[in-house]
Every structure is written in structure tokens, then in C-alpha cells.
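J.: Residue strings, one per chain:
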Amino acid sequence: MSKVGNRGVIGQPIKRKEDQRLITGKGIFVDDIVLPEMLHASFVRSPYGHAYVKRIDASRALGLPGVVDVVTGEEFAKFVRPQKAHSGLDSPTARALEDYGIAVKKAIYHGEAVAAVVALDKYTAKDAVELVEVDYDPLPPLVDAEESMSDGAVKIHDGTPTNVVWHKTYNYGDVDKAFSKADLIVKSRLYFDRFMAAPLETYVIIASFDRGQEVMTVYCNSAHPGRDVFLVAGALNLSPNRVRLICQDNGGSFGNKNNIYPYTALIGYLAMKTGRPVKWVMDRNEHLLASGHGNEMIYYGEIAVKKDGTILGIKARLIADEGSELRSEPRGAMVWIRQLTTFYRFRHLRMEVNAVLTNKCPTGSMRAYGKVQHCFLIESLIEKAARQLRLDPAEIRFKNFILPKEMPYKNPAGNIYDGGDYPGCLRRTLEMVGYEDWRKKQQKLRREGKCLGIGIAMAMESQGGNLAPLWKKGHKSSGSVGSAMIRIDADGNISASVDSMSMGHSHQTTTAQIVADVLSVSPDDVDVFAGFDSWITAFGERYSGSYASRFSTVHHGAIFGAAKRMREKILRHGAFLLGSAVNKVELVQDGKVRVKGTKKSAGLKEVASNAWLNTGVLPKDLEAGLVVHYVYKAPLKPLESAELGKGNFSLTYAYGGAAAVVEVDPGTGMVKLLKIVLVDDPGRCINPMVCEGQVHGQIGHQVGAALYERLLYDKTDGRLLTSTFKDYLLPTAADFPTLETAIMETPSLFSPLGARGMAEGGGVPQIAVINAVRDALSPLGIEIDSSHIEPEEILRRIQERTDR
Amino acid sequence: MYSVPFDYLCAHNIQEALKLLSEYGEEGRVIAGGQSLIPLMKLRLARPKCLVDIKRVPGLSFINKENGHLKVGALTTHRELGVSDLIRSDLPIMHEAAQVIADPQVRNLGTLVGALCQAEPSGDWAPVVLALGGRLKCVGQKGERVLEAKEFFVDAYTTLLQPGEILTEVNLPIPGARAGGAYLKVQRRAGDFAVAGVAVQLTLDEAGLCKDIGIGLSGAGLTPLRAVAVEELLRGRRISAEILEEASRCLAGSVDPISDLRGSSKYKTDVLKVTLKRAVQLAASRSKRS
Amino acid sequence: MPNSKRIEMKINGESYAAEVEPRLLLVDFLRVNARLTGTHVGCDTSNCGACTVMLDGLTVKSCTVFAVQADGREIFTVEGLSKDGKLHPIQESFRDHHALQCGYCTPGMMLSSLFLLSNKPNPTEEEVRKGISGNICLCTGYQHIVNAVLDVAKRGQRQQKKRPRSGKN
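Just so you know, the protein sequences line up as chains A, B and C, in that order. Using our numbering, you'd call the opening residue of the first sequence number 21 and step up by one each time. Using our numbering, you'd call the opening residue of the second sequence number 28 and step up by one each time. Using our numbering, you'd call the opening residue of the third sequence number 8 and step up by one each time.
Fair warning: there could be bad hints in the mix.
[To be verified] In the BS3-like style, the derived pairs of lysine-lysine whose C-alpha atoms are separated by at most 30 Å in a straight line are: (1) A:K74 <-> A:K735; (2) C:K17 <-> A:K46; (3) A:K35 <-> C:K90.
[What the hints assert, rightly or not] Far from chain A, by Cβ distances over 12 Å, these chain C residues were calculated: (4) K12; (5) H105; (6) E133.
What the hints contain is simulated information worked out from the structure, not anything from laboratory work. Backbone N, C-alpha and C define an ideal beta-carbon position, used for all residues, glycine too.
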């Protein structure tokens with residue numbers, strides 16, 4: 021690991037800068053902001069999964085005192101331009117999609133907005149929503165992706181030829197030949213359940229339009245603000261520099277708040293129309309219905325293995341249920357290309373991808389976006405093969421791992437793994453969980469009729485690139501950028517900013533650690549202000565934001581690069597001030613510039629003051645002031661072939677191992693999680709305390725997905741049945757055992773600080789829990805094929821076996 | 028999510044509360060803790076024209092021991108029951124149930140009486156009160172009447188309580204020697220309503236035969252249910268694996284759970300069957316220890 | 008306002024009065040009328056605990072209490088925790104143990120923790136988990152929160168040992 025700076029604050033578990041305001045109730049979340057004359061919006065939403073909107077009568081609502089306006093989807097469509105996010109996709113349906121974020125003629129999922137109400141206060145707005153009369157002409161909803169892709173299916177978007185928005189088969193190696201050599205071929209139809217990231221803070225937007233300057237100011241809690249500037253500007257027919265987008269404290273996202281932008285445009289229009297600031301706070305029911313869901317997927321998978329467990333190849337047909345619009349999608353369906361064969365050395369694989377529209381909430385980014393679905397496929401097939409070969413699930417993985425000495429390793433798609441110790445990670449996981457002991461205990465308990473299961477899983481999480489070249493012709497590389505700025509004022513105060521949004525990530529702290537390390541100051545001396553302001557933050561265009569674990573890769577690169585440049589600047593100004601050559605000075609404690617080998621030095625304040633204020637004396641080649649803006653680009657090469665899905669799509673490939681122990685109650689089907697361990701390799705921790713916290717959160721979310729959280733649509737009427745937290749169950753503290761985690765640090769060979777993304781981890785705890793349930797039920801010959809398990813389903817399966 | 032507008036009236040004694048309620052008839056609702064009612068009002072599934080708040084009526088919050096009974100007042104909260112020494116020593120089954128109702132915040136405000144009036148079919152208190160053979164004192168402008176818990180729950184979210192009436196007190200007999208009780212709740216997640224819940228309060232005689240037994244069920248139908256047929260089957264019998272098997276078959280014939288997100292009717296029946304066996308066994312083992 | 012009612016309550020020791028609609032939620036009274044925005048709304052259905060405050064010393068979900076019900080009573084919110092710029096031990100422990108990430112659930116979570124500790128000064132891990140089971144956190148998986156609460160208890164015990172018992176409680 022290269023030593024950076026001389027203070028060594030990178031890697032220290034320092035306390036967070038964020039906490040003081042958040043523990044005293046002084047954080048500023050969007051709903052805490054009140055603007056003068058502010059109005060409140062609320063949406064009328066479709067109770068049907070699929071229905072024509074025949075008529076909207078707002079007269080009763082408009083008659084309610086305090087109601088300012090009611091705006092229908094049709095009116096929005098006259099003034100707001102639709103998003104055509106994926107018009108680059110080679111598919112007539114995708115090209116035809118026009119996403120207004122609100123139903124214009126037809127509501128295509130339960131909870132889709134059909135009209136907006138604006139009122140003087142939020143209570144009146146809700147009252148008025150009830151008074152808007154909408155006549156619907158219901159259609160049969162398509163909630164099953166396979167049904168939706170069938171020839172005769174009703175088209176969700178009128179005038180499109182099919183509900184399939186993307187179809188492609190990617191071939192790597194010679195999969196048919198590999199299968200012909202197999203001793204065993206195991207097949208599965210697997211299902212990845214729909215769940216979501218449900219941060220405690222829902223979407224909140226305040227829009228305010230300055231008619232004089234024609235500037236739209238938006239306060240919102242987007243996770244992807246730099247992109248939203250462009251999307252909102254496009255929708256409202258403004259140039260992007262006339263949209264000022266401001267984010268501050270953010271009550272969690274986990275990917276979910278990447279999907280806020282259609283609403284931002286709608287609320288922006290309401291502010292333009294009414295001439296007053298408009299606030300909208302999404303309620304929880306709306307958030308579950310109509311924010312952004314995680315990817316649902318059906319897979320037909322096959323794995324070819326030798327008797328000894330050697331994996332020869334995998335074939336799979338994927339059907340990705342995208343919901344009713346393409347927002348982030350079909351990224352989630354194609355992201356698997358970035359980590360095709362995950363940890364294993366097999367070289368032959370065929371994947372047929374079908375991205376299909378259904379009458380459900382649009383899907384979009386979510387923690388371990390697309391990767392958890394892919395890892396679930398691979399890990400499930402391996403698990404089943406191991407059972408059929410009577411191999412221990414750990415043994416079959418060890419048999420197939422890529423080894424540390426092979427790093428960097430190029431997988432069959434051309435992705436280049438940036439280092440890591442996969443067998444070491446699994447060994448550590450097994451040690452931590454006490455694998456051998458549990459296996460012995462399991463034997464004993466099985467004899468007593470108890471259903472104990474031990475599950476392990478490995479999952480990979482690629483990050484720091486983008487997938488656009490796969491559908492956008494002309495994109496040759498999958499690079500992306502991160503942007504950071506550091507400013508030292510004339511009094512020596514250091515401010516740093518990065519174009520990534522913190523939603524609990526601790527960016528203020530970790531950014532300060534990197535800057536402090538490079539500038540030889542204390543992190544306390546580096547001010548990193550929370551949030552994002554598109555007029556102030558030097559953001560990296562559409563890429564800026566927190567998604568795909570970018571902070572640990574491209575944003576680290578940007579901050580680190582900016583800090584190194586600032587260091588150079590300080591040294592040059594210091595050298596000038598001290599009358600010395602640049603190569604004769606060094607940066608020491610507290611950012612002081614010292615002539616090497618002497619006691620002659622100048623403090624940072626002195627250097628800064630001279631750089632800003634004493635500019636008349638500065639030599640021509642010495643730029644005045646201490647400001648650095650640095651844009652980091654991931655060092656990725658042009659792709660080999662976007663058409664064939666070949667090239668290196670990611671800078672880093674983070675990974676983790678998890679093990680879970682569960683007890684299944686054979687009388688009720690209830691699953692009790694007895695133990696869960698996770699080993700994560702983020703390459704290098706900037707702050708181990710923060711890393712540990714992030715990994716805990718990952719366990720919480722992904723165990724929730726396996727056992728508690730599911731978005732369930734009624735097959736007949738298309739309604740979302742789990743539409744409040746009474747039914748969409750989030751696990752509580754009482755549902756977990758003590759979480760046990762460990763961090764391995766195998767530095768990335770490619771990222772500037774050796775760091776990888778972390779705590780998305782490809783959904784490894786979810787897969788481990790499912791594997792544990794599979795293990796518990798394996799003596800009964802029960803296979804679990806879904807990523808979420810309901811106790812009822814378990815009991816039904818047990819009864820099927822025992823009633824025979 | 029906000030309620031529709033309503034009138035709010037705060038009663039300072041029971042007569043005032045009854046008078047206010049009578050003025051509004053079916054459009055009036057009593058509120059004490061509000062932990063069942065307010066969420067429904069916010070979802071606009073309940074739209075009362077008027078709330079009569081009885082929280083400030085003196086003398087309605089108590090746990091008293093009288094003549095072999097514990098009496099619990101209309102304002103006594105789940106939490107107060109959960110931490111009461113009297114409850115712990117005299118009605119341990121109630122102590123047990125109080126720990127698994129919703130979560131600490133709800134327990135701080137919600138009341139036993141409120142929960143009974145709500146008649147949630149998957150709630151926790153009703154089966155316990157049914158198993159104990161509780162009696163409910165209802166007061167109206169015309170006077171008071173005492174109802175048996177087993178006749179109180181008449182339909183989905185519907186009780187015998189008339190508009191204008193207030194349930195002021197729950198009267199619970201304290202079990203005698205060789206009694207044992209257990210409330211077992213199967214829940215999908217901590218704090219959720221029950222998939223199925225079984226409350227058993229039994230007394231064994233000196234020979235170890237089941238002298239008396241009360242069984243209350245949650246998640247078993249449109250209302251909380253008392254498993255009368257199962258009680259009859261078990262009365263006078265020794266608790267054995269065979270008899271429990273028979274009891275669970277008998278139970279299956281006497282319940283009709285609602286299918287919902289907590290499970291299908293069949294699933295809930297299966298869970299009730301297995302939970303019944305476990306709860307009776309546990310109650311019996313506790314009885315032997317007492 | 009139709010049927011409005013004048014109410015007054017003490018929040019963190021200070022009196023607040025307003026004319027309110029009966030349906031106004033306590034959480035909105037706190038956030039909008041009293042402009043104390045540290046208390047948050049997470050779920051609207053009484054399931055997440057983000058809006059937890061203390062009402063006469065008991066934790067309640069302020070999204071499931073009408074402001075009129077709190078007329079004349081005492082409310083305690085996150086804003087009342089630190090005194091004279093000095094953090095409350097629960098706040099210190101949350102910071103020291105990295106028990107918060109986005110911080111949205113934190114105010115409610117700290118109040119539930121405090122209530123738990125006031126009833127069970129020396130809880131087990133399981134008791135802590137049950138004690139905060141009415142508060143959902145998506146960021147932390149709860150582990151650091153549990154650690155923070157256990158540590159406050161431990162610190163409290165050490166303090167007790169250090170300080171010889173005075174006659175008063």
C-alpha cells in the first residue's frame with residue numbers, strides 16, 4: 021500500500037464530522053426548509069394497474085377553500101417534455117417511450133400519478149386529492165413479465181410493437197462445447213423477487229422559479245443531482261445552467277433516490293405555473309407505490325459441471341421485469357456483463373437477456389443494483405450443483421476460485437479484476453461463522469428433528485464505469501468521471517467539496533481524511549460542507565452523484581487528485597515566499613511549508629494570504645490564489661466491442677463473503693436467523709469505523725430482502741398489496757442476531773487509493789440467507805428457487821414432502 | 028397521510044363523555060390512546076365526525092385486585108399492564124402478552140380496552156381475555172351492563188358495544204392453584220400483528236387431568252375466537268401428544284381464518300394447529316410448576 | 008379554521024401555544040408550528056418510529072397523536088437533549104459508536120434508547136433490541152446503535168460506582 025502524505029489519517033476510525041448536527045436535531049433535510057409564500061402539492065394516483073384515463077373533473081377540488089390549482093397529466097404533457105432516457109436502445113418500443121412521470125392518456129401502474137393538486141397547506145392538498153374525480157376505463161394488467169412478452173399481450177405503451185424493450189444474446193467462449201463435456205447439467209427456473217430500497221425519508225422536492233432571471237431553483241433529496249440538472253432542464257425547456265439544484269442532508273437512498281427526477285420536473289412546472297414556491301413531500305404509501313423498485317427477474321439457468329465440481333459453463337435466459345417505464349433500466353439487466361463469471365474460472369457462458377415492460381412501478385437503481393440478481397443466479401446454480409454432486413458448498417467454490425496470483429485477471433468478457441483474494445475471503449468467512457462446528461451441530465439437531473441450515477455465498481460488486489456503450493452507438497469507452505474542488509482562503513481555511521451526495525455515507529469525514537492526509541493537516545482543519553449546489557459544486561456533469569459505489573472509486577480519485585494538486589500549489593507558493601526552489605521545500609505538520617533541512621518555514625495561513633492578497637509580487641508563472649478543481653477519469657481503455665459485450669466495464673470489482681445460520685420451524689415455516697457474518701474487501705478503508713457501519717447496513721437491507729421485504733402485486737387487478745409499512749415489512753433490531761463483520765484489505769490494483777466500492781457487495785447476505793434455508797430443507801429434497809422466502813411457502817413445501 | 032377534519036371534544040368525566048357521544052351517535056368515536064384509531068383515520072379508512080377524548084377522565088386508569096379478580100380500567104395502557112407486579116404474579120399470561128404487542132411506543136399509549144373495542148382479528152389482547160373468561164363492563168347513558176368477552180366480538184371489527192356506550196372496565200378472574208397460562212404468537216416480524224396467536228389458560232387437577240381450560244385465538248377468523256369445542260375436548264383429559272393431535276384437528280374444524288398478506292386461510296389454520304399444541308403443552312408445564 | 012382549538016404545551020420546557028385544527032398531528036405541531044424540525048416523519052402509519060418524542064416522559068410516535076391530545080402536556084424532543092452546548096451521554100455514545108449514518112431515524116432512535124435505559128438501566132443486548140424495535144433504521148443494521156446503547160448503560164454504571172452514594176437519589 022503506497023503511503024500517502026505524512027499524517028496517516030487515511031485508515032483511521034475518526035469520529036464523523038456529520039454527527040454533531042444530526043444528533044442535536046440540527047440537520048437540514050428538505051422538508052425542514054420553508055420558503056416564503058410556499059404552496060403544497062399532492063398527487064392524485066391511479067387505483068388501477070392499467071387503465072385509460074377517460075376524464076378528470078377537478079371542479080369539486082377547485083371549489084375547496086385553499087386549493088390553488090389542479091393540473092392534469094394532459095396539461096403537464098403540453099408544457100413538460102418527456103424523458104426519453106433510453107431512446108438509444110436498439111428497439112422500437114424503447115425508442116417510442118415518452119416518460120412524463122405522470123399518466124397522460126393511460127395509467128400504466130397502480131399508483132401512477134394522474135393529476136397534481138396545489139394548495140395553501142398540505143392537509144388541504146390531501147383533501148383536494150380525494151375530490152378530484154377521475155373516470156377510468158380499466159384494462160387487464162400485465163404483472164407477469166413472461167405473459168407480457170408473449171405475442172398476444174396487450175401493449176403497455178400504445179402503438180408499440182411489443183412489450184420487450186431489449187433483447188440480446190451474448191456469447192462468451194464456446195458454451196455448447198463446454199456443456200458437451202459435462203458430467204452433470206443442473207437446471208433451474210429461478211425468480212428474483214421484487215423489493216426496494218425504502219429509505220426512511222421519502223422523496224421531497226421544493227421548486228421555486230425566478231421569473232426575472234428565468235432560473236429554476238430546486239431543493240430536493242436526489243442521489244444523482246448532477247444528472248437531474250440536465251433531466252429537469254430538458255423537461256422544462258431551460259438550459260441546464262438555469263437549473264439550480266440544491267441538496268443537503270438526505271435521509272437515505274440506497275439507490276432509490278436516483279429515481280426522483282420525473283417528479284422534480286413536475287413540481288418545477290407547478291412552481292412555474294403558480295409563480296410561487298411549491299413543496300411536495302411524498303408520503304410512504306406513494307413511495308412504496310411509485311418511487312422506484314428494485315429489479316425483478318425470472319431466469320432459466322443451466323450449469324455444466326464435472327464430477328469433481330469443476331464448473332464448465334453456464335447458460336441462462338433472463339427475463340427482467342422492468343415495470344412500466346425505463347428509468348435507470350435496462351442497466352440492471354445488463355450490469356452482469358461487468359462481472360460475468362464472478363469469482364470462478366470457467367470461460368464459457370451464454371446469456372440471453374430480455375428486458376420486458378409490465379404494469380408495475382418502474383424499476384431503478386438500488387443497492388447492489390443488478391449485481392445481486394446476477395450473483396443470485398450464479399450462486400444458486402453452484403449451490404444446486406454441489407448438492408447434486410454431494411459436495412460441500414464451500415468445497416465446490418474453492419475448486420473453482422480464481423487465485424490471487426492470477427490477478428489482475430481478465431474474465432471472458434474482458435473485464436479485468438483489480439486484485440483480491442477470493443479463497444482467502446471465503447476461508448475467513450468460514451472461520452468466523454464457525455463452519456465446521458455448525459456442520460457438526462447440524463448433524464445432531466437433524467437427528468432431533470430440527471431444521472438447521474448453514475448457508476454461504478460469495479458476491480461481487482463492480483463499480484466505477486458505466487454501461488451506456490452497450491446501448492448507445494458511438495460510445496467507445498465506459499469511463500466516467502468524478503469531480504472535486506479544494507479552496508484555501510486567505511486566512512488559511514480549507515474547504516473541500518466533491519460532486520457526490522452523502523446519504524449517510526460519511527463523505528464529509530472521509531473526504532476530509534483524504535485531503536488532510538495529503539496536505540499534512542488535521543481532518544478538523546478541513547471543512548467539507550454537506551450537500552450539493554449545482555451553482556457552487558464543481559460537478560462532473562451527468563456522472564455526479566452517489567450511485568454504484570462511486571465515492572470509493574472515482575470520487576476518491578477526484579479528491580485525491582485535487583489534494584495532490586493543492587499540495588503542489590502550496591509548495592510553489594511556499595517556496596516563493598521562503599525564497600527557495602520548489603524542490604527544496606516540503607509540507608510538514610499543519611500544512612506548514614519548510615525549507616528542507618532547515619527551520620525556515622511558513623505557515624499555511626501565511627502562504628495562503630500571500631497567494632491571494634500579495635498578488636502583485638507573484639511571478640508570472642505562479643497562479644494567484646489557492647483553488648483547485650480536479651476531474652478524475654477512471655483509467656479504462658476503449659471497449660473491445662460494445663456489440664459483443666466485450667471490454668473492461670469497471671475500474672474495481674469489490675466482493676464479499678457471507679455465511680448465515682438459520683433455524684426453520686417445521687411447524688410454521690418461520691425462519692429464525694441465528695447468526696450472520698460478512699467479510700467485505702473494500703481494498704482500502706479510508707475510515708474503518710465507517711466501513712463497518714456501511715457493511716452492517718448492507719446486512720440489514722439484504723437480510724430484509726430475503727426474509728421480510730417484498731413488493732407483491734395482485735395478479736388480477738394489478739394492485740400493489742404491500743403498500744404501507746404495515747405490509748412492506750422492514751426488519752427491526754429485534755429481528756437480527758449480533759452482526760459479525762470483518763474487513764479485508766486487498767488493495768485495488770487500479771484505483772488511486774487502492775479502494776473499491778463497498779457495502780453493496782452484490783447482495784451477498786441475501787444469498788447466504790437463502791442458501792442457509794436451502795441447506796436447512798435439503799434433507800427433505802426441497803429446492804428454493806426464489807430470492808425471498810415466505811414462511812407459508814416453506815411450510816407448504818415441507819408438507820408436500822412429508823405428506824407423501 | 029392526514030385524517031379528514033373532525034370535531035374534538037375532551038370529556039372530563041364519564042357522564043360528560045356519554046353525553047357527548049350520544050349527541051354524535053354513530054359518527055362519534057371514543058379516543059383514549061388512539062393507537063388503533065389514528066392510523067385508520069390517517070389512511071381515511073375511519074372518518075368519524077367527532078372524537079370524544081376520555082384520556083382526562085379521572086378514575087379510569089387502574090389495575091385493582093378484588094374478590095379473586097383483577098379489574099383493569101379503560102385507560103390502562105399496554106405498558107402499565109406489562110410492568111405491573113400484580114399482573115405478573117396473578118395473571119402471568121397477560122404479562123407475557125403485553126410484551127409482544129406492537130412496539131414500546133404503541134404500548135405506551137395504547138390501551139387494553141381500546142384494543143378490545145377495535146376487535147382486530149389478529150390482535151393479542153382479545154385471545155388472552157377470551158382464554159381467561161374476562162367480563163366487560165359497558166356504560167351507557169341508560170346504565171351499565173356486563174358482557175362476557177366470548178359474546179363481545181360479533182363481526183369483523185365489530186363488537187356488542189353500542190354507539191354511545193363506553194367500555195370502562197375489564198374484569199379478569201385470577202386463576203387458582205395448579206393453573207398455567209401461555210400466550211404464543213407467531214409473527215412475521217417483531218411487532219407485527221399475529222399470523223396466529225393462541226392463548227391458553229388451564230388448570231390441572233391433582234391427578235394431572237385438565238380440570239378447566241380457556242382457549243382464545245387470534246388470526247382464526249373475522250373476529251377473535253374462543254375455541255369452545257377444543258376446550259370441551261380437552262376438559263377432563265390428560266394432556267398428551269395424542270389428545271393434542273385430536274385437539275388440533277378439532278381446532279381446524281372450528282376456525283375460518285381470513286386470507287391476507289400474513290397468510291392464506293389454510294396456512295393460518297396450520298399455524299394455529301401447531302401453535303395450539305405448543306401453547307397447551309406450555310401452559311400445562313407451567314401449571315405443574317405453579 | 009373549522010373547529011379549531013387553542014392548545015398549549017411545553018416542549019423541552021418552553022411553552023408553545025397555537026390555534027390548531029383537531030386533525031393536526033403532533034409531529035406537524037412540532038415541526039411546523041414550533042419549528043422544531045429535528046423530529047422526522049418516516050412512514051405515516053405508526054410503523055417506523057422516526058417521529059418518536061416523549062409525551063409526559065413516555066415515548067410516543069408523534070405522527071400517531073393529534074396535537075390536541077397533547078394540550079397541556081409536556082413534550083420532549085431531540086432538541087432538548089443537549090444542555091448548554093454539552094451533549095447528552097446518549098448523543099455522545101451515538102457519535103462515538105457511529106450509531107448513525109444518514110441521521111434521519113436518529114432523533115427518534117435516541118429517545119427510544121433513553122426511554123429503555125430509564126426503565127432498564129442495565130439492559131442485555133436482547134433487551135436493547137426489543138427496546139428499540141419500534142424504530143426502523145435502514146442504514147446501520149442496528150448493530151452500532153445497539154452497541155451505543157449498551158455502552159451508555161456501561162458508562163452509567165461506572166459513574167455510579169465512582170460516585171459514592173449520597174443520601175438523595
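J.: It remains to establish, for every hint, whether it holds in the given structure.
T.: Now the hints, each set against the structure:
Taken as a hint, the K74 of chain A and K735 of chain A pair is honoured in the structure, with Cα atoms around 24 Å apart against an allowance of 30 Å. As the CA atoms of K17 of chain C and K46 of chain A are separated by approximately 20 Å, the hinted pair is consistent with the 30 Å bound. For the given pair, K35 of chain A sits about 21 Å from K90 of chain C by alpha-carbon distance, which is consistent with the 30 Å threshold. Once the 12 Å rule is applied to beta carbons, K12 of chain C is consistent with being away from chain A; the minimum gap is 15 Å.
Not every C-beta of chain A lies more than 12 Å from that of H105 of chain C, the closest at about 5 Å, which undercuts listing it as non-interface. The non-interface label for E133 of chain C is inconsistent with chain A: the shortest C-beta to C-beta separation is roughly 8 Å, within 12 Å.
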